[in-house]
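Asker: This is what each chain is made of:
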Amino acid sequence: MRVIKQKPMTWGERLYIFEALRGLFTTIKHAARGLFRYETLPTISYPEGQPEVRNTYRAKHRLMLRPDGTPRCVACGMCAAACPAHCIFIEATASDDPRIEKKVKRFDIDHLTCVFCGLCVEACPVDALRMDTKEIVFEHRTRDEFVATLETLTAWNPKDYPDDEQSQVAPGGTKNAEARKVWGMEVK
Amino acid sequence: MSNYYNMPKLPTENSPKVEIFVDDKPVMVPGDTNLLEALKAVGIETPHVCYHPYLPVSGNCRQCLVEQEGPRGRMLVIACYTPVAPGMKIYTPASSARVKNARKATQEFMLVNHPLDCPICDKAGECTLQENYMEAGQNESRMRPEYGKNYHGNPAHQFIDAKGQLRGGKHVDLGPRVLLDEERCVQCDRCVRFMRSIAGSEQLQLAGRADHTYITTFPGEKLDHEYDLCVTDVCPVGAMTAKYFRFQKRVWLLSHTPTISMDDSLGANIWLDHADGHIYRVMPRCNPEVNRSWLSNTSRLAFQNFDKNRLPSMGVHKVTFGNGKIALVVGGTCTLEDLAALRMLKDSLGDRAEIFGGSLLKVGAPDGIAKSGDPVANRAGMKLLGFADVSEFMKRASEFESLVTVNADLFGEDPSAAKMLEKINCRVALSPFDDATVKEASIAIGVRHWSEVQGTMVNSLNILQKLNACPVCPDEALWTPYAALSYMAGKKFECASEAFKKAGEYAPVLAGLTYDAIKNTGKLLEGGNA
Amino acid sequence: MDIIESKTWVEWIITIAKFGFCFVPVLYILLLIPMERRGAGFMQDRQGPNRSYIKIPFFGKIRVFGYVQNMCDGTKLFFKEMFAPAGVNKVLYYVAPAIPFAIVFLSPCVIPWFGPMVFEWGGQTVRIAGSIVDSDVGVLLLFGFSSLSAYGAVLAGWASKSKYSFLGALRTSSMTISYEVCLGLSMMGVLLLAGSFNLTDIVTWQENHVWGIVAQPVAFFCFLIASIAETGRAPFDVAEGEPELVAGYHTEYGAMQFGLFYMGEYSHICINSFLIATLFLGGYSVPFVTTETMQAHMGGALAILCGVLAFLALAFLHMIYRYSRKLAASKQSNKLEILQEYKLYKIVAWLAAVVFIALGVCAWLFYNPANFIVNGIAVGSLATAVGTALIHLLVLVVKSIMFCWVWIWVRWTLPRFRYDHVMHLGWKIILNIALINLVVTAVIAKLVGGN
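Residue numbers (the numbering used here), protein chains in the order written: chain A, -18 to 169; chain B, 1239 to 1768; chain C, 2 to 452.
For the record, the hints were derived by calculation from the structure and aren't laboratory data. Hints are not guaranteed to be accurate.
Below, a list of computed lysine-lysine pairs in the DSS-like style, where the Cα atoms sit at most 27 angstroms apart [stated by the list, open to error]:
1) A:Lys86 - B:Lys1401
2) C:Lys77 - C:Lys91
3) A:Lys156 - B:Lys1730
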């Protein structure tokens, strides 16, 4: 444990009036900035001006895809188990691909319940779930539309993730062709 | 090594107590058992993979190592195959780093070629390897990623996966109900021993040798036995999986309700594993006296029909019967509470009513594992409460003018009886299912299924066993049979214990008992008439 | 009839028109609320409320820099349902908010809005005082009025039947009373120097000698702090300290009843600003220029006034053009709308600038009192008097707005005091300083002035 002792106030500070004046000077500086340099205010006039979202921001989820376009998700339920809001609903089924055992049949994320903590992404053992879509606006007319289904979660475009190698492996990506060659290896 | 091993001797209440020294501390343990069970009796859990209390001991996993002080110093022995001897000195990981390291090494070896596909493994969450890893392993992986895992097994099932690695058989079809994953198998041979010693039909074998060993059936044969789903229970890892439960639900999401399987008079103890209002699987619940750890496929898979073809809830009303004689017939799945309520109904109707119990199905022979062959589960309870057999009723069916059936599908069980029964004018049927009797009945009342009620039953060994209500009733407004019957009799039982108290009035052996007095493994009724 | 005939009709018109000054605090509310909101926003690096708009043809959404928000809030408060919580004293509950608001109309009566108008009319010299009621005890009257507003708080707290309101009312009343003492004592030095309770006399003294802030700097600070405390604003707003009292004495009030308290508070600020400007900043007097000089060169004075206004218009234009450029370069999706809106402001500001410049040039070149003859009556002196009054009024308004800004500035800068600290400051510090200041002033005045 580290004890940080505060410096005792000097005589001038204890008098308050000079410190108060200092504070007043600070605020008037900021007020003048707002008045004369309005455009430098850090506040963004939101719906018209959009903030820059970085891809590390925990935005809407997406499901990563294999080279053949199927979701990478193996329906293990780790994300649902990690989810503190219990907003992920998964149903599994046996895969048609003999090399893959289990595939996801239903993958619903209720974004009305989701707290965007990102624990599901951390929990995913196969890097199937990511939150780097930069989609931060959720506006729908009914409650059902807030539930992202397998279709909406996999409907993303590799062109939006030019720097991400894993995204380029998906159909439509630049690395899809070579990945498909490896993927399409004959079953013995 | 011989293929024939000895069954472990399990401690009982009458086991002689002997003193042994565990970590240099003297403890009293049961003297006629193996070390693993003895340690368990004093609260020391020993990790094990191949050992199973109701299977012969083969001692091949070497996971249960402890140190024993012998003439040549302290040596590592397997706890499961070492009999307890008075005065023996045992060292567990609590005091011996050597045991700890040995167990850890064993664990590491076991995981060398075990795939890390826990996320897609149905056993994850109740897997012995996982538990052992947390308890005895916790080792860092020393695998070299460029080599990967080395899966052997049946060469016919090997394939190359999407990443270009050689893999073992992932879902080998062993039979109509069981799939085998050869990668996950740790060759503990529990399943082989089960089929050999318990099921009595040696359908599984270990083939190959050393780390090429794999489980297989005889060529051209399939694993098909009344008890074949038990191999998925005994399998410590996810190698044997039941097709019906495959990928249905992660096991940690399941809640467990302990109850009794009411389709056989042995009354096998079961867990109903349910989640979000559905039963997902039925697992045997260990009861050394009754079914040990086994459960027949019939009982195990019966749950699939529990929520099908159900009668909806409807207004239960008092039935007024004509002046003629009334037959009150209960089926085998009725609990003691239902029987008591029916007997109360009989008392309220007077002498013109008679009570019968049973079924028109044939009584088979006990198979010695988990079935007695008698489809009337509560036959002993019926005798206890003075119910005549239903065959009696069939003989005198023409005497009766009214018929009340409770959970008894007389029409469905014996179509030839239908002609006789149709002559009875007034037919009231209480049943959870929309079965043949309900279809023929003049009044039908939907009630709860036995999996959804609390109650008791007496099995063929005269053991009083408890049923618990599993919260999976498709219609919360459904009444329990005893509530419906007692309501007809004029005094509705609000809870099962009330009905059980009433049963105590009819059967003195039940008097004074409460649900709390009945253990999970049941209570042997002394002086019963079964 | 004698009363009516005692004054000419021009005198009557001006006297009655002076009652219009009663509404100055209410108009100030309209000014203060947006100033406070956007000022607070800027101080905290926010933008402040700027979304409400009125849609007009061609120019589109007119937001007047967030001023429309004010109207929206007022409209909302006005049309909200008024209700009383169960168990309150209905009469007191409904009367209480009216008290502080009624005082708003009384207080401006004694403030001198301009110097005494003196002009020739009908062959005789007419003298009209700058305040509505030219009382010899003007300051005392003003203090009396502002003390009355404490009744509103007390009654509201009492009638609300809520412990929070009650505690808030207790604090408000005790604080108002405490700081009234400080307020009065700190002002005594100025009164002593001026030798009068009449506010017009005080301003005249300052005009002739030196401003109160120079003569009595200590008193000025004491007075400023005490009057901030008396209005119950931050950092002295313990009476409505949200962490402990929800909202103080108006916790149970909503709709326009709350609105009245709110407006009462703002007009209190306005009155106090006027008072400080009058007592310490020379009131209506123009700095460095005596009224006589100004009246002698009325044309030039008006021209300078127009020049200042035109400069303000041009400065505004500069800001608008500058921001338009920045906006046009930004990525904001609604920038075309805003630029369209700014077109209106540009037109208005250009018009104003041109008009002010034209007026200034005209006043400079052509103003000559001797030329003002209407129907054969020379009204030149009246015109000069009205011009002087106008300049005086504007000067007073500018000074008071400056102090209003001080209120806002202080509120959004300093954290709230604890209640006992407030009392400590009032009774043990400011009161003592004011007393010492009074004694010292008296001694020096005696030594220097000798009367």
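Asker: If you check each hint against the structure, which ones fail?
Answerer: 3
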